[in-house]
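Novice: Sequence:
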Amino acid sequence: MTDSTESPDLSRRGGLTRLKEGTYGGLFAACAAITLLTTAAIFVTLLSDAVVFFRAIPITEFLTGTNWSPNPAGGGQVFGIVPLLIGTITVTITAAFISIPIGTLTAIYLSEYATPNARSILKPLLEILAGIPTVVYGYFALVYVTPALKATLFPEMSTFNALAASIMVGIMTIPMVSSISEDAMSAVPDELRQAGYGLGATKFEVSTGIVVPASIS
Numbered sequence: 003m004t005d006s007t008e009s010p011d012l013s014r015r016g017g018l019t020r021l022k023e024g025t026y027g028g029l030f031a032a033c034a035a036i037t038l039l040t041t042a043a044i045f046v047t048l049l050s051d052a053v054v055f056f057r058a059i060p061i062t063e064f065l066t067g068t069n070w071s072p073n074p075a076g077g078g079q080v081f082g083i084v085p086l087l088i089g090t091i092t093v094t095i096t097a098a099f100i101s102i103p104i105g106t107l108t109a110i111y112l113s114e115y116a117t118p119n120a121r122s123i124l125k126p127l128l129e130i131l132a133g134i135p136t137v138v139y140g141y142f143a144l145v146y147v148t149p150a151l152k153a154t155l156f157p158e159m160s161t162f163n164a165l166a167a168s169i170m171v172g173i174m175t176i177p178m179v180s181s182i183s184e185d186a187m188s189a190v191p192d193e194l195r196q197a198g199y200g201l202g203a204t205k206f207e208v209s210t211g212i213v214v215p216a217s218i219s
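Start counting the sequence shown at 3; every next residue gets the next number (my numbering).
These aren't lab readings, by the way, just hints derived from the structure by calculation. A virtual CB, placed ideally from N, CA and C, is assigned to each residue, including glycine. Keep in mind that a hint or two might mislead.
As the list claims (entries may be wrong) - Here are the in silico distance ranges between beta carbons for each label pair:
{"hint": "1", "residue 1": "216", "residue 2": "154", "range": "35 to 43 Å"}
{"hint": "2", "residue 1": "196", "residue 2": "39", "range": "17 to 25 Å"}
{"hint": "3", "residue 1": "45", "residue 2": "65", "range": "38 to 46 Å"}
{"hint": "4", "residue 1": "197", "residue 2": "36", "range": "48 to 56 Å"}
{"hint": "5", "residue 1": "24", "residue 2": "90", "range": "44 to 52 Å"}
{"hint": "6", "residue 1": "44", "residue 2": "162", "range": "26 to 34 Å"}
{"hint": "7", "residue 1": "92", "residue 2": "61", "range": "20 to 28 Å"}
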């Protein structure tokens with residue numbers, strides 16, 4: 003009697019479970035489909051616009067042109083990507099000279115010198131700074147950095163210039179460089195540090211001569 007009375011309940015529960023699983027599976031599949039369709043739509047839109055663009059502008063002119071003037075006053079449109087590439091490379095290299103040294107030194111402090119309390123405060127703060135939108139840095143460069151450079155060092159500097167962009171990109175990437183470098187340094191085995199101290203090395207020598215090279219490798 004017990005088996006016969008419980009079997010309908012078990013059957014209903016099994017049916018509800020299958021219904022829930024099917025519903026969840028359908029929702030997950032719908033979310034995945036929306037993501038794929040959105041990505042595909044973006045790709046198709048960009049591709050179609052690119053086809054229209056290169057029908058009007060030869061690709062050789064685009065890749066080798068030395069002028070970029072999408073809408074010049076009183077003239078035709080000119081699309082040469084070389085100035086953009088040079089500007090991007092210049093900003094990247096200059097920003098690296100700012101972010102890599104400062105970020106590495108910050109990581110050394112967090113990994114080797116900071117107390118646990120200081121690290122617990124500074125590390126999340128760096129991660130928060132890394133999440134600031136880039137448009138905020140761009141606005142700061144346009145409103146504050148460029149006027150400061152024009153007022154002190156380069157009076158004839160253009161409003162849109164590579165130096166201000168390099169400074170802000172360097173500052174923007176310092177938190178990322180610091181966080182990644184600190185994670186790599188923290189992963190260095192303590193045995194290497196203890197071996198350095200056993201040989202009479204100072205904390206600075208251990209940090210720069212053992213921890214940093216080991217974290218890079």
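Novice: With reference to the structure, classify each hint as holding or not holding.
Specialist: Checked hints:
no.	hint	in the structure
1	216 / 154: 35 to 43 Å	41 Å, holds
2	196 / 39: 17 to 25 Å	56 Å, violated
3	45 / 65: 38 to 46 Å	21 Å, violated
4	197 / 36: 48 to 56 Å	54 Å, holds
5	24 / 90: 44 to 52 Å	50 Å, holds
6	44 / 162: 26 to 34 Å	28 Å, holds
7	92 / 61: 20 to 28 Å	24 Å, holds
The structure fails to meet hints 2 and 3 from the earlier list, while all remaining hints are met.
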